[in-house]
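Visitor: One letter stands for each residue in the lines below.
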Amino acid sequence: MKRALALALLALLAWVAATDAQSRFFDGKTVRIVVGFSAGGGYDTYSRVIARHLGRHVPGTPTVIVENMLGAGSLIAANHLSKVAKPDGLTVGNFAGGLVLAQVLGQPGVEFDARKFEWLGVPSREACVCALTKASGVTSLAAWMAAAKPVKLGGVGPGTSTDDAPRVLAATINLPIQLVRGYKGTAEIRLAAESGELAGGCWQWESVKSTWRQALESGDVSVVLQITTKPLPDLPNVPLASSLAKTEEARQLINAGVIVPTEIGRLYALPPGTPADRVQTLRAAFVATMRDPEFLADAKRSKIDIDAMGGEELARVVQDLFKLDPALVAKLKGILK
Amino acid sequence: MLIGIAIGFAVGILPGLGGPTTLALMLPFVFKMTPVEAFAFLLGMAAVTNTTGDITSILFGIPGEPTTASTIVDGHPMAKRGEAGRALGAAITSSLFGALFGAVALALAIPVVRPLVLTFGSPEFFMLALLGITFVAALSGEAVLKGLVAGCLGLWFATIGLAPVSAIQRYTFGQLFLWDGIGLVPVTIGFFAIPEVIDLAVQGSSIAKVEVGRLGGVWQGVRDTFTHWLLVLRCSAIGTFIAIIPGMGAATTQWLAYAHAVQSSPNRERFGRGAVEGVLGPGAANNSTLGGSLVTTIAFGVPASVTMAILMGAFLIQGLVPGPSMLTPAPKGHLAVTFAMVWTIVVSNVITVAICFAFLRQLVKVTEIRGALLIPFILMLIAVGAFAEKNVFEDVMIVLVFGALGWVMTRFGWPRPPLLLGLVLGPLAENKLFLSTDNYGLAWTVRPGVLALLAVILVGLLWPVVSRRRQRTRDGADAAATPRAGPGERWRLDGASAFSSLIVVVFGWALWQSRDFGVRGGLFPWAVCVPGALLGLAQLARDVTGRRESPAPDALADATDAVPADVAARRTLEIALWIVGFWIAIWLIGFSLATLAMTLLYLKVGARERWGITLVLTALSVAFVYGLFDKGLGVPFPSGQLFVWFAPAGGS
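Order-wise, the sequence lines are chains A and B. Each residue of the first sequence is one higher than the one before, starting from 34 at the first, in the working numbering. Each residue of the second sequence is one higher than the one before, starting from 13 at the first, in the working numbering.
Be aware that a few hints might be false.
Heads up, simulated BS3-like pairs for lysine-lysine below, C-alpha to C-alpha not over 30 Å straight-line [claimed, not checked]:
1) A/K242 / A/K263
2) A/K263 / A/K279
3) A/K116 / A/K263
4) B/K643 / A/K116
5) B/K643 / A/K62
6) A/K364 / A/K279
7) A/K263 / A/K119
8) B/K643 / A/K119
9) A/K333 / A/K279
Which stretches of chain B does chain A cover? Using the computed rule of at least three CB atoms under 8 Å from a CB of chain A, they are [unchecked claim]:
10) 132-139
11) 441-451
The hints are simulated quantities; they were obtained by calculation from the structure and are not laboratory data. Just so it is clear, CB atoms sit at the ideal spot from N, CA and C, and this is done for glycine as well.
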């Protein structure tokens, strides 16, 4: 009897200790955000602002630090998160949303299964727009449709919106486009557009807005098209690409090929197999951070937009990409190869 | 700004740790500063690293920065001759001039820069890259054939990674880290630093082989700058104006300036053996580059380099949008800020130079320290520096590979600079070629800018030929043309031939691999590998038949003459084992522990130093790696493989 009691007591103690350890797991720990891009860039800036505030919203207030793991358009970081990082809730990955589509399309180099990541969320739903110079003569969608020669757009490389958006647009809504690939970044595309080499390009509105602000204000550059589900608050009168789509298939291609990958562009994930309670803790902390006034003030100072998507929603969006009709996937593969 | 200068100073001196690396490491701190502080800090730091980097290059023959590698070629031989003071004096003074020139150019260019740069399209950029590549010949010293092969090799290395247009994988062996190509930082470090470490160990002495005179003639170096003021001015101009082109940073301009210094000198054969002009040119150019890159960053928001990209981030945070408004006076624009930058560059350079002169005496003494004490320290910095740029362990391996290549090349008298120039310019040339044809069809070839640059290239190529022929007819005797009779006409199958044939094999293999790259991905590899293979064959024929060129004027060509061959071979093997051992240790037990073990063992067992000095130095280097980098700067060193393999199950 005594023995049974002692055993029960011991079991109880162990259980209490275990739950206690769980709730205090993050006590004095360090959470690393592994960013797949270089220090000083957009991804890095978001991660560092988030890192300054996330810890406060996790029980045990762990220290949150940012590490940059460069290479292959963040594919190295994504593979690392899947294969190397310990699933203990102490490593968070930040890589490009386009990589999920890369897996769906079976592109080389992908060594992760996006369906198995535990998704934390996206701090800012991005949207892709096409901005063209006045000098190119294309200042409206009508002028673009009527252009005699294909309009030259600059591309950085496959998997980026500068490359993918023009291809999808050319294939779905028959816009006259000549994609010129090989620019080193959107900054070089801007330069080439200003020198008259290109007409412009398509990439994230947030970046266009801040880096091309003066030209937009003076009217030297205008946003002609937005590739979004609904008009952006900043651009109420710019036509939507999907409104030009004649078929349901074209609409779906635009959605899966451009809108979704851009929207979930800056995603945050945990390694596959992270314990569910820690996933929940961190997801809640992510959402709480996104609403934290101090965080928002800091984000404003750092000139980054916040329009967050939580982990559950992000997980659904990712799963949906895997439910695409195989015929549609094959078609998209052909467009984006 | 002062803190920035101080850090930049240290970083510049430490080999392996480059400006961009440090900027990346310092970013967490930058975020905590006010934007104005941040920006003075970053610019102050960036302005200084090129000057102090020159110091390391000259003293140790190890590039303090990837952008100061060219100062090694002539500066280090000077240090070996005991003329470190003169070389340093020349480098520092010319750096100051270069920086001032760059700053003034930045200020003067402000009204004209936008129209000027906008007349340049991809075709003109391509021609400029091509012009740069033609400088390979001038960088080859006396071994022109080897130089051309090395240049091709560099261009070929540049094709590794994802092809810029078709995004096809080229020579990546399925390795993701090769997708982005081979990084310039690990290549430069490995290429120059590892052979130098080996040399230091083989010599078993201090760096200066000759007793250093009183300060080694710093004032002589300062005077040299003024004697060659025209050269310094021209090289500063090269630095500034080339840097205005996006994608051309100091890593390129230094070599172009060096090549220019060689070309414009009446007696080229002194170069590579310690010609002071070879220090002055790049010294000026790598500093004047900052002004030039700032022009593109400010006027267009196109960061010309990593440093600039980070600076641009700081701009945006401050609410400054790079572009025309940076060039318009207040109240409409921020011209005042731009001028503040000009002043920051000027002031930080003047301060640095003053500090440099104050400490020159101590710096020169470093060359008299026993090599054995320096080796573990240098090796540690090499490994850390290679890793910290991108936080990728594979880069540390690249250092080793290129270290071996660099060593072999110095052994067999192959000039190294052409390879680096090819590596830097290759991607630019390939990219701009396709952008030109995609944008303009073939019409780009008749753009006035392109034709003008073509004329410049042709003149540059033909002029030396013509002038040499004229000189030769004047001299009458045709001595240079008759090949020196080698020791008999016997066939030689030694290391040199083996290396040449290896190169031919590599080019052949690369060609074979490129068969399914398609035109867009394959054009450039074909254009590089075919001449590479042919020239390599020619070199092989020379090696095998014994008709060899005199050794290239490289820093290490005369390295081993003081030590008997058998001792040298034994010491080479030893140091090679130490290096490889250190690398394996890093892999197995991580950076901090490996540094501990390596420093301790090397000093005690390898160099048989006393316990006192061994322990002090070991503590120092561990404090450096663990305290400063691991804890202080938060460099995410990977944990050793051993700990990964034997990690306690379920532990977290």
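Visitor: All the hints need checking, so say for each whether the structure fits it.
Guide: Evaluation of the provided hints:
Restraint check for A/K242 and A/K263: satisfied, since their Cα atoms lie roughly 18 Å apart, inside the 30 Å limit. For the suggested pair A/K263 and A/K279, the alpha carbons sit about 17 Å apart, so the restraint of at most 30 Å is met. Only pairs whose Cα atoms come within 30 Å are accepted, and A/K116 paired with A/K263 is rejected, the gap being roughly 37 Å. Our distance criterion of 30 Å between C-alpha atoms is met by B/K643 and A/K116, whose separation comes to about 26 Å.
Of the pairs offered as hints, the one joining B/K643 and A/K62 holds, with about 15 Å between alpha carbons and a cut-off of 30 Å not exceeded. Pair hint A/K364 plus A/K279 holds up; C-alpha atoms about 16 Å apart against a cutoff of 30 Å. Under the criterion of a C-alpha separation no larger than 30 Å, the hint pairing A/K263 with A/K119 is inconsistent with the structure, at around 39 Å. A distance of roughly 21 Å separates the Cα atoms of B/K643 and A/K119; the hinted pair therefore holds under the 30 Å criterion.
For the hint pairing A/K333 with A/K279, the CA-to-CA distance comes to about 40 Å; that exceeds 30 Å, so the pair is violated. Given as covered by chain A, the region 132-139 of chain B passes the check, having 3 residues with a CB less than 8 Å from a CB of that chain where 3 are the minimum. Only residues whose C-beta sits within less than 8 Å of a C-beta in chain A count toward coverage, and the region 441-451 of chain B has 5 of them, enough to reach three; the restraint holds.
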